[in-house]
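Enquirer: Chains as they are written, first to last, in the working numbering: chain A, 1 to 345; chain B, 346 to 799; chain C, 800 to 1176.
If you're looking for bench data, these hints aren't it; they were derived computationally from the structure. For each residue, glycine too, the CB sits at the ideal point set by N, CA and C. Mixed in with the good hints, there may be bad ones.
EDC-like, lysine to aspartate or glutamate: derived pairs with alpha carbons at most 20 Å apart [unchecked claim]:
#1 860/C / 300/A
#2 1149/C / 292/A
#3 860/C / 314/A
Part of the chain C face toward chain B, derived, beta carbon under 7 Å [stated by the list, open to error]:
#4 820
#5 842
#6 879
#7 898
#8 933
#9 1005
#10 1009
Below are the chains, spelled out letter by letter.
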Amino acid sequence: MQVAIMSDESKDTQEVPENAEPTDAKTVEAEVASTAQPANVAAPTLPTETPSETQPEASASPGNTTADSLAETSTVAATEKPTAPATPEVPAKVAAPSAEAKAEATPSAEAKAPTADAAAKPEAAAKPAPPKAAAPPKAPASAATAGAAKPAPPAKKGPTVTEEIKDDPFIDKLKAKFPDAITETVKTFGQRIIRVNKDAYLKLCRFLHDDEDGAFTMCADLTALHWPDKTGAEFDIVANLYSVSKNQRLRVKTAIAEGEAAPSVTSIWAGANWMEREVFDMFGVKFDGHPDLRRILLPEDWPGYPLRKEYPIEYRDNEWTDKHIDYREVDYDTSLIDVKYAQRR
Amino acid sequence: MTAILSTLLLVAPQWVREYLTKEKQPNVFWSEYIVWPLIQIIVVLFIILTLVAYLVYLERKVSAFMQARLGPMRVGPWGLLQPAADGLKLLLKEDIIPIKADKAIFQLAPIIAVVAALVVLAVVPWGAGWGTIANVNIGLLFILAVSSVAVLGLVLAGWSSNSKYSLLGALRSSAQMLSYEIGMGLSIIGALMFARTLSMNGIVEAQRADGVWYFFFQPLGFLVYVICALGETNRAPFDLPEAESELVAGYHTEYSGFRWALFFMAEYTAMIVTSSIAVTLYLGGWSFPGLSLIEKSSPNLFVFLSIVIFATKVMVLIYAFMWIRWTWPRYRYDQLMEIGWKWMIPAGLANIVMTAIWYVLALPSTKASLPDFLKFFLRFNFMKDVSGRLVPTQWAGVIYFVATGFLITVPMVWALLAAINRRSNDFNLDEQRQLQFKLRRERLKKMENAEAAE
Amino acid sequence: MQSQEAIKPHETLLDAEEMVLNMGPQHPSTHGVLRVILKLDGETVTDLDCDIGYLHRGVEKIAEHDTYQMITPYWDRLDYVAAVSNDLCYVEGVEKLLQVEVPRRAQYLRVALTELQRIASHLLWLGTHAIDIGAVTVLLYCFREREEILKIFEDFIGARLTAHAFRIGGLQWDAYPEFVDRVKEFLKMMPTRIDEYETLLNSNRIWLSRTVGIGVLSAEDAINLSLTGPVLRGSGVKYDIRKAQPYAAYADFDFEIPVGENGDTYDRYLCRMAEMRQSLSIIEQALDGLPEGPVMAKVPKIIKPPVGEIYHSIEAPKGEIGVYLVSDGTGKPYRMRIRPPSYINLQALKKMSIGHLVADVVAIIGTIDIVLGEVDR
């Protein structure tokens, strides 16, 4: 659903990635198109207009896969206005972790890595003490996800947090069973994640449920993620499965495109019923084969899907509340109070 | 009009004095049937309505003490003026009638309920002599008949409110009151066999004459009566018509202000009335051992004391009602019906049969026409004829009836009920007892384990 | 004992009409603003639909705009009768994401507080469950003991209900000097009080007939419906995250997981009662073995976790409460998903209620133990 109202702040912040890379989500594009400005005009507005506090939020709200977009944000700022002495901390704070991450990232980084590095250097020169605010000692070596231009799921991650699963007999069995469907098997913080194609999703879930080694009889959680910049794979359906008998967990992800319907797993896990309804309610993702797909937490005619990234947080008062909630101006008679105070004085 | 009023005001005190001093004057009709009863009615109504208000206070205090709290404490010392404050609040509250309600019936329903409850007070024997307002010779029948009109008030209230909760509450209450009235009616017949009268005062006098409260002759009848009375007055654990957690407030969900207060009043009055019947039938009414000693010497004190005794007995029963309410959970609707139909009614019927058997076996030989093999019992002279009325002989008869009542009737009826209900799911004694045994075993095992660990 | 098959409307000569009864959102026994739409045949429930969302605040959306520290108080307001447990889930999730090692003392204190909270939550459940079934007095008894716990909380944390007990990396303050003694006093008093409730209810005929055989769920159904917590364990499934995937310091303590047999309301009641006793034992162990040392790990003032995602769940009083955090390397989570136990357990209401009477629906809502602040989020 198209969100009609966008705040001024979000407009500003979304211009930057728009100018940097024209492959944004359609919804954002449509909105921004009307107010789009030339790149050389837009770029200087960033450091001057956006206060330093809102900077991380600004880069988060368009929902780019972050490290790169952040790096690019700072790249734009740094290259087009190399001597920005007024607010040097702003780009520095943001760019520092990503720059560090880039520096220590695996060699198979994207083609954009050099620019990120290039961006990092002048920033580091401008403000030499950012690491103290960056992250705990181990962390910065962590991750740099794939660029927004690449529609495929994030593939390369830092060695300490995310790694390929090796020597896991069950995962190997899965891979053997679904050789083409499983595109990714990683381990992060000791938690196993597999990514599967949409077409094989239901089959795989059925297998996970029925298989003796898996026995994932419980769907502990099912939710979605919104990546507006990944064209063609805007949503990730994330199912956290648990096996009571084997005491093991597995996270299954599948990507679907905007407007596409995800396969429903309610036929396998009845407990997924309300979770899928919630995903439908909050993200607008439809589920094929769901017995009772209605909105669950919000009213049926609520505008938009709140957990999508383009949905502004200020949109709590909208046309629905105008229509259904009757605000009344109450004219309190404060004269009496004044008299009392006057007397007291 | 003014003439009548002035006559009443001028002459009434004289009539009262005449009545009290038993010097009957020619104006006996006025004093006997109009003025004195009017005074009695006003006094009783005043006392009862105040009592109802304070019963609410008592209920709140009793529940508070049972629940480790203080209850009303703010209005007056120990919250003693709370009922007055509540009454005032209820009077001043907005009288809300739902738009879609049937207005006439909606307004009529609480009146029916409260009138049916209050009329009954006329025949309750509050005390000896002038303590009774109307000594009707069918008093008990009158009470049963009139108090069953009260259900009409509840049904109409539920129906006219045009609310589903009210309707469900009304349906529940009508079904419940009807079925429990049967058990109630059956349970009192045993006591009536001994009393041989329906007059409330007559029943008390009969117990004085027999020298024993009918509770000892009729333990089962008393039990069934009390349980049915709980059901009849919609008290916990049978308070389904107004089950707060299910039906919000049942039949009076839509009522507010004084109309609601009328229902409340009716409920508590019904509580007093049913307790009064229980006291009259089974606990000797206003009589008390040794009370008759002062009957001749100071009759007014005697009457006063009898009223106090009656009130005390009633309050003890009401306290028991409250105790039950604040201790036990609530039955479900189908379970309630099962208790009514599968336990109370068979128990009442069996009680009649058993009592009748014991009664016939105890008849004096002049009155009995028994088969030969039962004539054995007649030699004991358990009953004697006192001025045309059969009473148990002072020791042998009383012991015989008490023993049969407690030792034979109760276990036999219990066995009968268990046989009737052996297939009933929710009352499968065996299964529930097994569960308790199991729990106990587990607890014991745990204790043993703990000991072994030490 | 009552059969679980769906009952069809009676086919009688008279055309039996079904009544739709709207229970809630303002109703004494829906534990908040839950609206249950019942289809009744007489008083038998033939169909049921839950309407929720009256308390929806959009916590997950708000979290995307707040820093990691700012989110914690929102968790207090999910399951507001078990705020401490909620905090533990979120705080541990973030700590895992940051790979921060929490000091032992903090972990032990966390366990003690969480288990106290579990007792408090179960007490509130017991009271409301009993009042739903009509035993009013139990509620007040439970509140009497819960008050003690809340007083301990108030002195430790500074708040009674929405505690905000933990900070990312440990605790804000160390325990006050009398804390251990006060909790031990409570531990000494509590078992007799639990006996008191059990005297009132355990073998009460009415309580038995209202709970035994009501809302039966088989183990398979319970797992398939993703139920967790006592609702699952009442059906005989021995799944408790404290044992299955120990978090905080639970691996150090010795305790049992009480499970039921029949999966009915009564077994769930017994489970929770036994759980309270187990919690007492855990608290005792935690206090006895309370290590010395700091209560706060070194955590940067501005928290920026590495890019990555984590799912962390703990055993809250209501069941498995989980957090799914996706970090994009900035100071605010890219997405925070709350796995709400009440919300997911509430799904079972329909399956458990159909075929029972209206009064049983009330008992079943009570036995699921929902808190609408968490259902609606």
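Enquirer: Now, for every hint given, state plainly whether the structure supports it.
Expert: Going down the list of hints, with the structure as the test:
Between residue 860/C and residue 300/A the CA atoms are separated by roughly 19 Å; this keeps the pair inside 20 Å, and the hint holds. As the CA atoms of residue 1149/C and residue 292/A are separated by approximately 13 Å, the hinted pair is consistent with the 20 Å bound. This hinted pair checks out: residue 860/C and residue 314/A have alpha carbons roughly 11 Å apart, not beyond 20 Å. Against a cut-off of 7 Å between C-beta atoms, the interface hint on residue 820/C holds, since the closest Cβ of chain B lies about 5 Å away.
Below 7 Å, beta-carbon pairs count as interface contacts, and residue 842/C has one with chain B at about 6 Å; its hint therefore holds. With 7 Å as the threshold, the beta carbon of residue 879/C stays out of range of chain B, its nearest partner Cβ sitting at about 21 Å, so the hint is violated. With 7 Å as the threshold, the beta carbon of residue 898/C stays out of range of chain B, its nearest partner Cβ sitting at about 40 Å, so the hint is violated. With its C-beta approaching chain B no nearer than about 3 Å, residue 933/C sits inside the 7 Å limit, and its interface hint holds.
The interface hint given for residue 1005/C holds, since its Cβ lies 5 Å from the closest Cβ of chain B, which is under the 7 Å cut-off. Given the 7 Å rule on beta carbons, the hint for residue 1009/C holds: about 6 Å separates it from the nearest Cβ of chain B.
In summary, the numbered hints that this structure violates are 6, 7.
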